[in-house]
Amino acid sequence: MFEQIFENVRRKSPLIHNITNYVTVNDCANMLLACGSSPIMADDPEDAVEITAVCDGLNINIGTLNRQTIPSMFAAGRRSVELGHPVVLDPVGAGASRLRTDTAFRLLQEVKFTVIRGNISEIKTLASGSSATRGVDAGVADKIEEDNLDHAAVFAREFARRTRAVAVITGAIDLVADEERVFCIRNGHPMMSAVTGTGCQLSAITAAFVAANPDRLLEATAAAVCAMGLCGEIACRRLDHADGNASYRNYIIDAMYCLTPAALEEGARYEMR
Amino acid sequence: MFEQIFENVRRKSPLIHNITNYVTVNDCANMLLACGSSPIMADDPEDAVEITAVCDGLNINIGTLNRQTIPSMFAAGRRSVELGHPVVLDPVGAGASRLRTDTAFRLLQEVKFTVIRGNISEIKTLASGSSATRGVDAGVADKIEEDNLDHAAVFAREFARRTRAVAVITGAIDLVADEERVFCIRNGHPMMSAVTGTGCQLSAITAAFVAANPDRLLEATAAAVCAMGLCGEIACRRLDHADGNASYRNYIIDAMYCLTPAALEEGARYEMR
Amino acid sequence: MFEQIFENVRRKSPLIHNITNYVTVNDCANMLLACGSSPIMADDPEDAVEITAVCDGLNINIGTLNRQTIPSMFAAGRRSVELGHPVVLDPVGAGASRLRTDTAFRLLQEVKFTVIRGNISEIKTLASGSSATRGVDAGVADKIEEDNLDHAAVFAREFARRTRAVAVITGAIDLVADEERVFCIRNGHPMMSAVTGTGCQLSAITAAFVAANPDRLLEATAAAVCAMGLCGEIACRRLDHADGNASYRNYIIDAMYCLTPAALEEGARYEMR
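Residue numbers (the numbering used here), protein chains in the order written: chain A, 2 to 274; chain B, 2 to 274; chain C, 2 to 274.
You may find that some hints are simply not true.
Sample of chain A residues lacking proximity to chain C, with all beta carbon distances greater than 10 Å (derived) [claimed, not checked]: (1) 28; (2) 76; (3) 83; (4) 100; (5) 113; (6) 122; (7) 146; (8) 244; (9) 250; (10) 274.
Which chain C residues face chain A? A few, computed with CB under 7 Å, are given here [as the list claims (entries may be wrong)]: (11) 27; (12) 31; (13) 42; (14) 148; (15) 151; (16) 190; (17) 216; (18) 218; (19) 254; (20) 255.
These are computed hints drawn from the structure, not numbers from a lab. Please read all numbers here as calculations on a predicted model, not as lab measurements. Think of the CB as a built atom: it goes at the ideal place given N, C-alpha and C, for glycine as much as any other residue.
Could you put together the complete structure from these sequences and hints?
See below:
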């Protein structure tokens, strides 16, 4: 299944509009190219609405929010929904400041996202407070591990139900949920957290995967998560004794460039709950 | 000829002011350093005019336009022209949105550019609509290939005549034209399009090449285009089976750092039309 | 001593808030991760004050100043001082434009910095003009070398006394001074100047080193400077004939990731004046 999904990304080469932070934007662009998609960045309010209309999907990342680009997120998000384009939200730092938390809440209210991807802390923030998600049990543990996986899976499904989005909670084990099914994914490597922006890159390619597979949103999202984790594993095997997080960063993107659909199918490690 | 031109860049080490997008700005800075030049970035309107005055050339790239930096482009552009500094325009995405297209048109009207570099689609947009360029035959094909090269060369010369700039149209074959002569350049490698910002990097080093060679603008621009393409070729030969576009990105910049003027002279592949 | 200081960085993993330029921000983030710290970027005025409060230190870099982020620097700087957090200033380009110079002067007046790091030209600008530093002898030479080292050390001590900050002047020889003592540091490699942002990276990790060692500010700063220079040396030994400044950039960050506290202790080359 993932083989076909990844082939669709490579064949259709969706153009993805990114309104994202300036810290990891270059890596997001190269990772989109690596997976077979094409990136475009535009964050001026006037520009963003027009650019998003010529794209196949939109990726909104609030990593370095500012007052100039927030209106672009709303305008481009609404326009993309109108056009039937998939829209991904990466609520970086939701919970760490009012501006981030409030912006994420307001985005959830005004834009029907296709996928929402964050770590457990960010997703719990969204689940606990926004009117779109209020009532979701945010009492899930702060770290998803084997012994709380069932509880976390219920939380992810419920978050997906309330937001009507595919929910992605990344950590040592990654969860990808719609309201009925949950992929528990065990790809990835702990060293990925020593590279800035691997989460941002995952959100960007997720937009490409769902844009190329509109009829299988849950599976396409799970395929993106497995692909990113698998690239982290492949890149890790390439490290020599003098390599650190900078070379690792490059090797992860390289691994995506070299990854075949068949290798993704074979290397994906997940179970359904 | 290119040997001497590249030696001048290395010897004079021109300081280049870049008002450019935040996606590829780091690579532009490192590529400028790799070719022997020095980069400085300043895009606040107040700052940009003063900074451009202490530089040797200006590179304006509209890749992530926003309302704050557009006035800086005009102000710094006019100031550079007053001071006799070369100014390069990279009209990223002209034709894709009104803000980009209109800004590019207005820049063409108000700033006398030394070099304008874009892909065929961007240059056709500029040729078809701005008052500075109206009347240019924009009916040229969307892809420059062997069988329409003569027609494209005429188009490039005419665009150069109307804009009074050296025109650079990059693609599988690159054209570098003034109103009388056209360099048809066959350096480069298709994988360069899998790295974000190789066009931006070329525009940046073009500013350095013309700043260091003010009496040979056409040849200096052609030398920059050949150098960039040659680095793409050299970097490609270095790729091993696990390398992808991230390592390729680094190898291209590395290749510029290691490129000698003599190797540029020898590796440049072009003909005049 | 440096061994313990570096161990504290790795053990405490301070969270560093960076208000910095968009050119080198990604490398600053990865370098902070490489040394064992964690980065966060926030430059909207509303966001910056809240984010800085949840961090352990603040790094202010004026490399791409603009009117939107200047108020964030003041507000976050004051908030950090109130909270007793260390604050580092990197006055990039002070002296090159009024906006940069004036902003640096005003920051010096309103924020009590823990460390100020610049090249000799930037520090001389600060020393000559701000009311906080007026009267400091800025007649020191433009390049710190063996034969003017004593004079430069006196200048650095005096600058530290007036600003009540640890003063760092980087160049072929680096000086790290408080009002009584000066570390003269001979780590580093000339090729580091061919990589954009090695100075920015040093300022970022300095914030992490002082945040993790609040009782030894001078020594912690000297340790950061030695660590950065040592990584430049280690990375240089790794270069092969085809590598240039792009691979070198990665190798420097890799070297920090792999550097052990014991290796820093052993590799640090300095004397006190």
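The hints, checked one at a time:
{"no.": "1", "hint": "28", "result": "violated, 7 Å"}
{"no.": "2", "hint": "76", "result": "holds, 18 Å"}
{"no.": "3", "hint": "83", "result": "holds, 28 Å"}
{"no.": "4", "hint": "100", "result": "violated, 4 Å"}
{"no.": "5", "hint": "113", "result": "holds, 26 Å"}
{"no.": "6", "hint": "122", "result": "holds, 12 Å"}
{"no.": "7", "hint": "146", "result": "holds, 21 Å"}
{"no.": "8", "hint": "244", "result": "violated, 5 Å"}
{"no.": "9", "hint": "250", "result": "violated, 7 Å"}
{"no.": "10", "hint": "274", "result": "holds, 31 Å"}
{"no.": "11", "hint": "27", "result": "holds, 6 Å"}
{"no.": "12", "hint": "31", "result": "holds, 5 Å"}
{"no.": "13", "hint": "42", "result": "holds, 5 Å"}
{"no.": "14", "hint": "148", "result": "violated, 37 Å"}
{"no.": "15", "hint": "151", "result": "violated, 38 Å"}
{"no.": "16", "hint": "190", "result": "violated, 16 Å"}
{"no.": "17", "hint": "216", "result": "violated, 28 Å"}
{"no.": "18", "hint": "218", "result": "violated, 27 Å"}
{"no.": "19", "hint": "254", "result": "holds, 4 Å"}
{"no.": "20", "hint": "255", "result": "holds, 3 Å"}
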